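Here the structure of chain S is known, so what remains is to put chains Z, C and E in place on it, guided by the hints.
4 protein chains.
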Amino acid sequence: MPAANLQDVVAEIAAEMKARDDRGDVATYIPELGRVDLQQFAIAVIEKDGTLTEGGDCDSFFSIQSVSKVFTLTLALGLAGDRVWNRVGREPSGSRFNSIVQLEYEKGIPRNPFINAGAIAVTDLILSGHQPREALGEILRFMQFLSGEDSVYIDKAVAASEERTGFNNRALANFMKGFGVIDNPVEYVLGVYFHHCAIAMTCRQLAKAGSFLAHLGQNPATGHSVVTPERARRINALMLTCGHYDGSGEFAYRVGLPGKSGVGGGILAIVPGKASVAVWSPGLDASGNSHLGRIALEKLTARMGWSIFGSPLSASR
Amino acid sequence: MPAANLQDVVAEIAAEMKARDDRGDVATYIPELGRVDLQQFAIAVIEKDGTLTEGGDCDSFFSIQSVSKVFTLTLALGLAGDRVWNRVGREPSGSRFNSIVQLEYEKGIPRNPFINAGAIAVTDLILSGHQPREALGEILRFMQFLSGEDSVYIDKAVAASEERTGFNNRALANFMKGFGVIDNPVEYVLGVYFHHCAIAMTCRQLAKAGSFLAHLGQNPATGHSVVTPERARRINALMLTCGHYDGSGEFAYRVGLPGKSGVGGGILAIVPGKASVAVWSPGLDASGNSHLGRIALEKLTARMGWSIFGSPLSASR
Amino acid sequence: MPAANLQDVVAEIAAEMKARDDRGDVATYIPELGRVDLQQFAIAVIEKDGTLTEGGDCDSFFSIQSVSKVFTLTLALGLAGDRVWNRVGREPSGSRFNSIVQLEYEKGIPRNPFINAGAIAVTDLILSGHQPREALGEILRFMQFLSGEDSVYIDKAVAASEERTGFNNRALANFMKGFGVIDNPVEYVLGVYFHHCAIAMTCRQLAKAGSFLAHLGQNPATGHSVVTPERARRINALMLTCGHYDGSGEFAYRVGLPGKSGVGGGILAIVPGKASVAVWSPGLDASGNSHLGRIALEKLTARMGWSIFGSPLSASR
Amino acid sequence: MPAANLQDVVAEIAAEMKARDDRGDVATYIPELGRVDLQQFAIAVIEKDGTLTEGGDCDSFFSIQSVSKVFTLTLALGLAGDRVWNRVGREPSGSRFNSIVQLEYEKGIPRNPFINAGAIAVTDLILSGHQPREALGEILRFMQFLSGEDSVYIDKAVAASEERTGFNNRALANFMKGFGVIDNPVEYVLGVYFHHCAIAMTCRQLAKAGSFLAHLGQNPATGHSVVTPERARRINALMLTCGHYDGSGEFAYRVGLPGKSGVGGGILAIVPGKASVAVWSPGLDASGNSHLGRIALEKLTARMGWSIFGSPLSASR
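Residue numbers (this note's numbering), protein chains in the order written: chain S, 610 to 926; chain Z, 610 to 926; chain C, 610 to 926; chain E, 610 to 926.
Okay, chain S solo, but in the shape it has when bound (with noise of 0.2 Å):
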């Protein structure tokens, strides 16, 4: 079976998402994200040479929430390197991003990065010595230097909106550091939190921004080494199982790729030696996962052969 036309396919699953009716929920846990416009969709892949296929609003910019715990943790790893380990797990939690219980139960210790509680106490290890300012300075830097482009920015909005009503959050952090999980005071914690949360960016912006992880560290495009391969293949698997909370497992076996969705309604998936591919659509499914995000990458995943599980491609060469 030869390999189908990724043009072909970006235009067909840009389209047929546009056009359908079933288009989830916004979230509206934080009342600023619940304004944002249903219809839009966007889907961007840069391939292993830098060219960039995309299809609908990628123009648009929206926040995308907890895909920036994917570089928050690189972050982390470069300053702290393995002792981030002592701080977070690396196993699925079976529980809801903001479940408290595993936390009582394994000591303030969360399961892995990419649950709420995961991801404050990385950044509390990126805040270590740091005005909250400076950390978050730090993280857009990050973020604008592996996409390219200068217009990434914190809504403060988004933020404002999400430190009104972050009580769960609050309640995580302190718990943490009740058990001496978190060193510096909870609030520059959930402060830098809140913000980097609310990092915006395009759909082209993000999928760039990933493209290191899907080729073993390095960015094709601009040939900067961000990680080790080794770090860049541990990211892909922690993003495997643990990447979609209480749904990674359903992520997994029907997607087949690392990916990382916030509820923002984007979703980061990485396609391992051939391409980054960012999705954008606010509706959110039961699980907290964009809707029609998770059926796109489905899609695409299918008709590209591009799962990590097997792939037609390698089985035919």
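Read the hints as simulated data drawn from the structure, not as lab findings.
Since this is a predicted model, take the numbers as computed values, not measurements.
Virtual Cβ for every residue (Gly too), placed ideally from N, Cα, C.
Wrong hints could be hidden among the right ones.
Covered stretches of chain S (in silico footprint by chain Z; criterion: 3 or more residues with CB under 8 Å from a CB of chain Z, positions within the stretch not fixed) [to be verified]:
{"#": "1", "stretch": "674-685"}
{"#": "2", "stretch": "689-703"}
If the Cβ cut is set under 10 Å, some of the chain E residues that face chain C in the computed set are [to be verified]:
{"#": "3", "residue": "S669"}
{"#": "4", "residue": "F670"}
{"#": "5", "residue": "N845"}
{"#": "6", "residue": "Y862"}
{"#": "7", "residue": "G865"}
{"#": "8", "residue": "P867"}
{"#": "9", "residue": "R912"}
{"#": "10", "residue": "S916"}
{"#": "11", "residue": "P921"}
Among chain S residues calculated to face chain E with C-beta under 8 Å, some are [claimed, not checked]:
{"#": "12", "residue": "V710"}
{"#": "13", "residue": "N777"}
{"#": "14", "residue": "K786"}
Same frame as chain S, but now just chains Z, C and E:
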């Protein structure tokens, strides 16, 4: 970087593993398994063209225990199709292999088919409308067919040992029965379950039996199509996210392959598009997975560039 | 305020309870119990001087179910003394009668002797060194001795009904067996447990049987000393804190007496120093306690000033 | 058996407790409490006729900590009536004082008003429509009124110590706020909570303050009616089932009185119809209750025949 030579790599790994002092501990909760010689180690790799590369004690038969769950799931999917997913979920459990807590919170539906409760529910589906002896015969013949060898057998002493001491599995099965998740009489289901866990085979046979999972559902040696490509990918995805109980994230992080371990010390690992690998060493680590088996797979994947999360080979293409 | 007249109060309560429309629902999880006539209600009070005051269907035999746990605990304390507390705790569980969650977290030790797991562990202690038939005979004779009536019997149809459907109890027993908390074969222990739960007696007999708990361990009618004063007080304390599963706090709050309920619709309540009370009505509330039985006890306590948490009588002395 | 003489019994207990070597350990999680002299012990008993019998360090002021929860519940019931029970349950928790697990499973509704989460929810009700300073003033004046002494005060150093380290309580409050169970700003609620826990008084004052609970809601010394008889009984019932966290069953079993302990080492115990008892010794046992305080109460109840579960006095009447 050119690919390492598989024969050399396998020989080096086998030699190192035979020589190491750290060998883990044999499982003691099934008394019969406690008698196995800790010095043994075996590795067998079958590539797409049928080439077999092996090292260590590849003529030794061992109890495959939970590795059998991959094959009973395959059988049950063939018999019942997606009805399997009415009885068992597809998410990592975040808990030990024999935890009963989630069963209570989730009304008797096990998280996935690779924890004990899930595999017992799968066995119940295979049993439907059969006598235990018939169902067990079907499972055994399936293993003999997949491995192409009639010498695969059921070790009745091991099965009897587990029947005498398997109180926890009896609790799980009765608990599910109370929720109506098990149709057949509990003792029938457990009889089949204990016996299929007691299947004994060699590493060579196990690698052959798993070969269809590496090649889109088709055994390349025989040309037999066992399952559809999509189903093969999905079973691999489940092995990746759920194959090692509460050590699944760690295995994905370190080894980077779909795999399934058993307390007999065997592990089956799949390199999609490339190879099926079986390793065996009876000493276990704290999570109940083969200590040297896991290390051997980690070395094999690193040396051969076989991680599904990023390969130097695809990168250099 | 002068004490109300007990005969008048009991007669009024019996008349009101017979007439009420809200009668609860019969237990359905033990099919045989589902056949009982919902219209029935009985109340029997035995005071210190042996005076019996009764109303309603006091000649009807009913299945005492979990009320039997008070008596098996009493027997086991006589046989094994404080060794009982190595097998079972003394704290309220905060969970349903058949929860298995805490058993996993607490290594197979049930929270208290009045949840199912705890009562099964107590039955195992009574069984030690006996055949099931002997142990069961001992329990039955103890009930006949305490009530002073040979007509107390074991309803074999109810026991058989529970043996056919008691999967949850089978799960609990096997789970404890896996932790080494149960000594005897699981089926022996459950056989005795299901049969002692199926003891059938009248309200009059039950009130007599519990009389020793109201009078420092001594049955005032016969003068027989059953347990020491300290032990009687302690059994009453356990009934108060643990006698109604996850409705124990509510019963203490509303009724204010030590009590133990059963899904057959019976409740035994103790007024220390004054009286032993049995009520029975087969319809249950959402917590599995007799709906009208609880209301009757609340009215009786309020009218007679019998709450252990403050009595108008002692106040006016 | 004639009743023992209360003066002799109290004197003997005070002497024994002062002399014992096993004194428990001071709480360290509130640093300020760690400085208290372990050698101290006090006991004060106030009978119905107002007779005060005391022994040990009855002039020492100590931090009543969680004993204050009895009084804030009393206040909140006066202010909000049974609406209190929309925010907090009435069942024992079976968990530690600061567990957050049940809050997640039960949507932010604490099990009872005597665990930390429950007391915080009660404080939120008292705060409604007030400034923190006003609410705190009301609580303090209530304690001064009940004890009849203006010297009862709030130890600001203790409150400040807890404000600096109370991360777990901050987690609980934010978690409930996320579920909408808390109306006021979290820091306001916690400010009042930390300060009412820091109320300092003597054993004599505490015994007086609790006196209304022993006498159907009326303080016999002053004749003031504080609550209705029914409410007094119900508060006592809650103290019996929930007053000592996961040691409530044990306290009922050994002491046999409604009681409430605090980590400052104080315990208030109620003998309905007879007396109000306060004991204090700063060393705690493993459950966080005063080690010598509990032993003193056990001896007092046994010697005086005061258990609510059966009294030799009522038996001999």
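The hints, checked one at a time:
no. : hint    : verdict
1   : 674-685 : violated (count 0)
2   : 689-703 : holds (count 6)
3   : S669    : 30 Å, violated
4   : F670    : 29 Å, violated
5   : N845    : 4 Å, holds
6   : Y862    : 5 Å, holds
7   : G865    : 6 Å, holds
8   : P867    : 7 Å, holds
9   : R912    : 13 Å, violated
10  : S916    : 5 Å, holds
11  : P921    : 7 Å, holds
12  : V710    : 5 Å, holds
13  : N777    : 4 Å, holds
14  : K786    : 4 Å, holds
Consistency note: the structure conflicts with the earlier hints numbered 1, 3, 4 and 9.
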